[in-house]
Amino acid sequence: MHISEGILQGPVLAAGFAGAALIAAATMRKLDMEEIPKISVITSVFFVASLIKVPIGPTSVHLILNGLVAVVLGWRAFPAIMLGIILQAIIFGHGGVTVIGVNSVMLGGGALVAYMVWQQRHRFDFARREFIFGAMAGATATISSGLVLALALLTTGEAFGGVAIAVLAAHVPIMLIEGAVVGAAAEFLNRVKPEMLAGRNAPSA
Amino acid sequence: MPTVIQAAVPVRSRAATGATGRPAGISPAGHRERTRPIAAAVAILLLGMVFSGSALAHKVNMFANVEGGRIVVEGYFADGKKAKDATIQVFAPDGTKLLQGKADGEGIFSFDVPQVTDLRISLYAGMGHRTEYTVPAAELQGAAGAAGSATAGDGLAGDGMETPTASSPAATSAAVDPAEIRAIVQQAVGESLTPVMRSISELKEQKSFSDIVGGIGFIVGLLGIFFYLKARKESARTAGVRPGTSG
Numbered sequence: 000m001h002i003s004e005g006i007l008q009g010p011v012l013a014a015g016f017a018g019a020a021l022i023a024a025a026t027m028r029k030l031d032m033e034e035i036p037k038i039s040v041i042t043s044v045f046f047v048a049s050l051i052k053v054p055i056g057p058t059s060v061h062l063i064l065n066g067l068v069a070v071v072l073g074w075r076a077f078p079a080i081m082l083g084i085i086l087q088a089i090i091f092g093h094g095g096v097t098v099i100g101v102n103s104v105m106l107g108g109g110a111l112v113a114y115m116v117w118q119q120r121h122r123f124d125f126a127r128r129e130f131i132f133g134a135m136a137g138a139t140a141t142i143s144s145g146l147v148l149a150l151a152l153l154t155t156g157e158a159f160g161g162v163a164i165a166v167l168a169a170h171v172p173i174m175l176i177e178g179a180v181v182g183a184a185a186e187f188l189n190r191v192k193p194e195m196l197a198g199r200n201a202p203s204a
Numbered sequence: 000m001p002t003v004i005q006a007a008v009p010v011r012s013r014a015a016t017g018a019t020g021r022p023a024g025i026s027p028a029g030h031r032e033r034t035r036p037i038a039a040a041v042a043i044l045l046l047g048m049v050f051s052g053s054a055l056a057h058k059v060n061m062f063a064n065v066e067g068g069r070i071v072v073e074g075y076f077a078d079g080k081k082a083k084d085a086t087i088q089v090f091a092p093d094g095t096k097l098l099q100g101k102a103d104g105e106g107i108f109s110f111d112v113p114q115v116t117d118l119r120i121s122l123y124a125g126m127g128h129r130t131e132y133t134v135p136a137a138e139l140q141g142a143a144g145a146a147g148s149a150t151a152g153d154g155l156a157g158d159g160m161e162t163p164t165a166s167s168p169a170a171t172s173a174a175v176d177p178a179e180i181r182a183i184v185q186q187a188v189g190e191s192l193t194p195v196m197r198s199i200s201e202l203k204e205q206k207s208f209s210d211i212v213g214g215i216g217f218i219v220g221l222l223g224i225f226f227y228l229k230a231r232k233e234s235a236r237t238a239g240v241r242p243g244t245s246g
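Protein sequences, first through last, are from chains Z and H.
Mapping to numbering that gives the first Met the number 0: the first sequence position 99 is 98, numbers consecutive.
Mapping to numbering that gives the first Met the number 0: the second sequence position 104 is 103, numbers consecutive.
Hints were generated in silico from the structure; no laboratory data involved.
Computed from a predicted model, the values in this text were never measured in an experiment.
Fair warning: there could be bad hints in the mix.
Derived DMTMM-like pairs (lysine to aspartate or glutamate); straight-line CA-CA distance at most 20 Å [what the hints assert, rightly or not]: (1) Z:Lys29 x H:Asp93; (2) H:Lys81 x H:Glu131; (3) H:Lys229 x Z:Asp31; (4) H:Lys232 x Z:Glu186.
So that you can see chain Z by itself, here it is in the shape it has in the complex (with noise of 0.2 Å):
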């Protein structure tokens, strides 16, 4: 999902990386220390996960996983999926450099949303409530990231409502994909280490 170099205009550019800046600098307050070798590893998973390929059929899609990096960071997922992104762009080449803002807005807003939707699960109560809010979860964050994608071309001229169906749609292998994947990694952690998942109360035992 991540936009080439050369699509977008300036201020558009210019935009994503205020925008970009102004989340970060949001999402970053009162960074505790404990926190920073969980986001270490949640980066790198993210950092790799585009070059993880599934087939699908004749095809095959990369995986994003930006919904895991907000159903285990919350808001840090922000500034974890923006460096993510500085780094496949530098070392990868895998979006533009200058598209580096607004490629962050949309990864890094997709899992803001998508940890909002994780957060409801607290309203519930039931046995596989980690793997459906985690699918779900998954699910939001390319659904939101599609929105943005949708967004940004909209700048180049594309008539919106047509760029907004053919991305999602395009991306609902990827949807479905993310969500199992999502929900698998939520019900692991949660039996395993639960402390490890956002958003909870219960201090760490």
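We have chain Z already, so just place chain H on it with the hints.
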């Protein structure tokens, strides 16, 4: 409090050596045993998935090859899919758009050389995937003589295959014309080079293990330094009650 200072010691050595690609967590002492196996398992699983088969990111790539008087452009995604119906534009060095077209079902688009200058070819495969390649004028110089027929084609997409132009109207002169020979040879060499160019283009895009480890090392190192600085600040402060670990 003592836990914090204790944790600062291993962090210092990690930041100093520049962390390796194994993201083991440093947690308060009680969790170290449980964090490490999980983190290690995740790391191994990920690296295993990455290196099973060719793990390439979903990015559009292209290469362009000069064959006779035409340039053949091929767009493809790193996972092998062709860039069908991609939009291709060709620009002169000063930025004027010379021509535009669409790739066919195989992601291929070809056009006559519009002018003998550097040509910047841009390929847009939709949804934010774009790539560019500049054909240097030097490659076109030899080919100029071969563009014999006056097809100032506006380059709209058609079959797009490497159909040779009518560059060497055969047998109009009894004598063997060196210019004709050059044209024929260039055509043949150009066609043979297409698979080579494709391989080079794919090779350039492959991600090496050191790239990946470098990226992960950068992340861990950067955050390790951050961690170390924060730990120093903490231990320099007068001891106070710190709130419980955040989730």
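Structure versus earlier hints - violations, ascending order: The structure breaks hints 1, 4; every other hint is satisfied.
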